[in-house]
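Here is how the chains run, residue by residue.
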Amino acid sequence: DAKTTQPTSMDCAEGRAANLPCNHSTISGNEYVYWYRQIHSQGPQYIIHGLKNNETNEMASLIITEDRKSSTLILPHATLRDTAVYYCIVSRSLNNNDMRFGAGTRLTVKP
Amino acid sequence: EAGVTQSPTHLIKTRGQQATLRCSPISGHTSVYWYQQALGLGLQFLLWYDEGEERNRGNFPPRFSGRQFPNYSSELNVNALELEDSALYLCASSLDRGSPLHFGNGTRLTVT
Chain V
15 DAKTTQPTSM DCAEGRAANL PCNHSTISGN EYVYWYRQIH SQGPQYIIHG
65 LKNNETNEMA SLIITEDRKS STLILPHATL RDTAVYYCIV SRSLNNNDMR
115 FGAGTRLTVK P
Chain Y
-11 EAGVTQSPTH LIKTRGQQAT LRCSPISGHT SVYWYQQALG LGLQFLLWYD
39 EGEERNRGNF PPRFSGRQFP NYSSELNVNA LELEDSALYL CASSLDRGSP
89 LHFGNGTRLT VT
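Residue numbers (our numbering), protein chains in the order written: chain V, 15 to 125; chain Y, -11 to 100.
The set of hints was computed from the structure by calculation and includes no laboratory data. Ideal Cβ positions, reconstructed from N, Cα and C, are used throughout, including at glycine. Any given hint might turn out to be false.
Selected chain V positions facing chain Y (Cβ under 8 Å, derived; list incomplete) [as the list claims (entries may be wrong)]:
id, residue
1, C26
2, A27
3, A31
4, P58
5, M113
6, F115
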């Protein structure tokens, strides 16, 4: 699986958009980009995933560059409850058992 | 819908003992995954069960084992516990091998 690189930590003001970057320069053509988050003392929560096109759901938007070497998760209006560790994962062929969670980005939303 | 449930929430064992952790997947989900999250470390893939069979395992010794029952619930057994087995053990389920993972809130195992 391709390796991902994420900033260790980020801050965001409450009500503003949070933009979390992820580099995956060695991603293969059949690998998807997944985002999960883990709020303290809870299990990880699925957010969104995509292959080539940008995706949006009720939680977030995923912007994937044309060369697919990087992506950005966007939380449009961050709240204090969005404070969590966010994991960017690339996984081939929607193959869950190959998912590798790295250290992620610790996002702190501040009032 | 009810989420993935894990029991017990906390478990304290002594070195050398055995621990049994349980997981009930979301109704209709046939795949169950186990992960270990040691303090300060990322999630490490342990085991994957699908349709009652072990399909893959991570880089863990054989004393980590498990099974999946006909109702798709699962058990993780850790034999001959060592201090470094202290961690949060997370179970996840998915509708199939390609669907997103849904995690429980884990069992925190402490080995003294």
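Do the hints match the structure? See the list:
1. C26: violated, 22 Å
2. A27: Given a least distance of 28 Å, the restraint on A27 (chain V) is violated.
3. A31: violated, 23 Å
4. P58: Holds. Min distance 5 Å.
5. M113: M113 (chain V) check passes; min Cβ-Cβ to chain Y is 7 Å, inside 8 Å.
6. F115: holds, 4 Å
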